[in-house]
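So for the sequence shown, the working numbering puts the first residue at 2; every next one is plus one.
Hints may contain errors.
[Unchecked claim] Here are the simulated lysine to any residue pairs, SDA-like style, with alpha carbons at most 20 Å apart:
id, residue 1, residue 2
1, 187, 27
2, 129, 139
3, 129, 143
4, 34, 143
5, 13, 112
If you're looking for bench data, these hints aren't it; they were derived computationally from the structure.
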Amino acid sequence: MTRDALRALIFKLRGGLWTALYLLILLLASPEKSRLVSSLLLVALGQLIRFWASGCIVKYRGEKVGAEQLVTWGPYAFVRNPLYVGNGLIGLGWALLAGPLVVALFLTSFFLIYGVWIVPYEESFLEKKFGEAYSAYCQSTGRFIPSFWPGDRLHGPYDWSIVWRSERHSLWITLAGTALLLSRFKW
């Protein structure tokens, strides 16, 4: 199997891989109240970033990489992958709630799945489709680490109907996952 074929497969299975990471977090969880507030704030921030990012794009959640236009406004003015940043914050919040060892396992797994396999696969597609415009965007915008204030690139089209259609699934998973982790507390 070629590297591109493997990346395509991992991209297609990314939802299942996310579920496997969560189940690992849940299995290893030993939550402590001292981490509760910071954990829940990370989860909430991650979901808010996902809401903001999803309303800026026309379509996502496909099994194949695709883009109708190069989105460079909203959270995409700060980072090229705000949906994955949101996922990372949600997962980090869950992992922090679960315990320190789980944080290390989560961060390593998340980086390998997204940073090594999924994002480079998506970026290769975007580079081919949008050429110089995408290259210029990459020069001014970090992959996961936010750029400084993006100025006029902050504003652009936003569609709440896309947020509702695309993110309600993510919201329910985030709420259910958080509730399951909270059920592991010894209140």
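A quick look at each hint next to the structure:
Taking the CA atoms of residue 187 and residue 27, the gap is near 14 Å; set against the 20 Å cutoff, the hint holds. Using a Cα cut-off of 20 Å, the hinted pair residue 129 and residue 139 holds, with the two alpha carbons roughly 13 Å apart. Our distance criterion of 20 Å between C-alpha atoms is met by residue 129 and residue 143, whose separation comes to about 19 Å. Among the hinted pairs, residue 34 with residue 143 is inconsistent with the structure: their alpha-carbon atoms are about 34 Å apart, more than 20 Å.
Only pairs whose Cα atoms come within 20 Å are accepted, and residue 13 paired with residue 112 is accepted, the gap being roughly 17 Å.
Hint 4 alone, counting from the list given before, is not met by this structure.
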